[in-house]
Amino acid sequence: MAFLFETVLPSLLTGALVTITVTIASLALALALGFGLALLRQFLGFRVLSILIDIYTEYFRNIPALTHLFIIYFGLAAVGLRLSSLTAAIIGLGLVGAAITCEIFRSGFIAVKIGQTEAARAVGMTPMQTIWLILAPQAIRISLPPLGNYALQLMKDTSIVSAIAAPEIMFNARSMVTSSFQTTLIYTTAAMIYLLISLPMVHAISRLEARFGRRN
Amino acid sequence: MDDQPILSVRGLHKSYGELEVLKGIEFEVKPGEKIALIGPSGSGKSTCLRCINFLETPTLGEIRLDGDLVGIKKHRGASRNMSNKDLAPQRAQMGMVFQGFNLWPHLTVRENVAIAARKVQGLSREEAHALAEDALAKVHMSNKADAWPEQLSGGQQQRVGIARALAQRPKLMLFDEPTSALDPELVNEVLNVIQELAAEGRTMLLVTHEISFARNVADRVMFLHSGIIEEQGPARDLIDNPQRDFTKNFLRQVSQ
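Going down the list, the sequences are from chains A and B.
Under the working numbering, the letters of the first sequence match residues 1 to 216, in that order.
Under the working numbering, the letters of the second sequence match residues 1 to 256, in that order.
If you're looking for bench data, these hints aren't it; they were derived computationally from the structure.
Misleading hints may appear alongside valid ones.
[To be verified] Residues from chain A shown here face chain B by an in silico Cβ test under 10 Å; the list is partial:
| # | residue |
| --- | --- |
| 1 | Ala111 |
| 2 | Lys113 |
| 3 | Gly115 |
| 4 | Gln116 |
| 5 | Ala120 |
| 6 | Val123 |
| 7 | Gln129 |
| 8 | Thr130 |
| 9 | Ile134 |
| 10 | Arg207 |
| 11 | Ala210 |
| 12 | Arg211 |
The beta carbon of each residue, even a glycine, is placed where N, CA and C say it ideally should be.
Here chain A stands alone, though its shape is the one from the complex (with noise of 0.2 Å):
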């Protein structure tokens, strides 16, 4: 009971802070990065730009999320730039997670009807007034299910990062097994501890939901 509270959970709870911290940054340069992908891809319709896009979003798609940690961690270092873990796994799941909700929003604003163009054109909006007053609410509002399903697994992959140090909940975890070999102790707790994380964030998407998409 001591291990448990005086070494296992002050570990694993510094772990879940990191973990935290990982999602939040990463899930905001994914949500930053994608969205602007998607309407540079979506609206901008110059061809260099839509085919470097596609470029992007299939090379970081198509490739585990642990090779581009590896490329961004090691491989940066190796030509002198040295990250630390925390921002190699914050750019690296950023970067993937970039590729992802492009794609999200993307299918957000082809699902748009065109109807809802022709409309804001009558009244006499420009391009942009279409897209900010007009396409951008629905297709963000049509992406949330997918955005949220993303969130959540984005959460659990930061697991990974503990393969470039990264101490978060499972780097902490596996490091005090390797000393105490306490397995089924530390691993069940760090299982708690990601549920902890999970419901509510689970809970908090749904109520996003609820809110705001409904109305499409």
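Position chain B relative to chain A; hints supplied.
Below, chain B without anything else, positioned relative to chain A:
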């Protein structure tokens, strides 16, 4: 000056690849005039209407609104189509009512009607809302200002669509089969509103399948058939005594 047309359409052609939908449409609309476009499906009525505010880009021809060339920029003798950005102020002068309503589902009824007044015409929030109130009153929807579009029946949605077009304070209103997507029992509430607007002396161009409504409300009817105006004339004359065989057949079929 009153005889100066609000809208003039000259040599309007529209093709989609090989398919020629409009083959040289010519007409004028004078201030306060109400014109109905009728004709069989595929005759080009809707395309014609959508070419006027450039939701479809004409292949050839000239649209003039109050004397100004719509959708085409002339520069050193060469003319080219305007971008959607340049078209925006011209489109703002023409209200359009769609067959499928096309209300914006993420905005309340009031916001649907007020947003263009705010963002396009640049009115203050208060002015825009006052304008929206007036427009909603005209379509008898004042009591639904805070509702969401999804909470309304089709007829109510279409009346909001009409209010949205009214709030543009347009020089001309374009109606694209405004009752075709409605359940039969909801058609009349929309037709009544259009009739009230017509009685106010608004200038309107109406694509419709409601022949008796066209006969009662329009000053003039144009009968379109495979991309040309087959026949046109004062509404009652044309509908009661069509001259061309095709028009006769069509009117006989729809009146059965």
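Those earlier numbered hints the structure runs against, lowest number first: 1, 10, 11, 12
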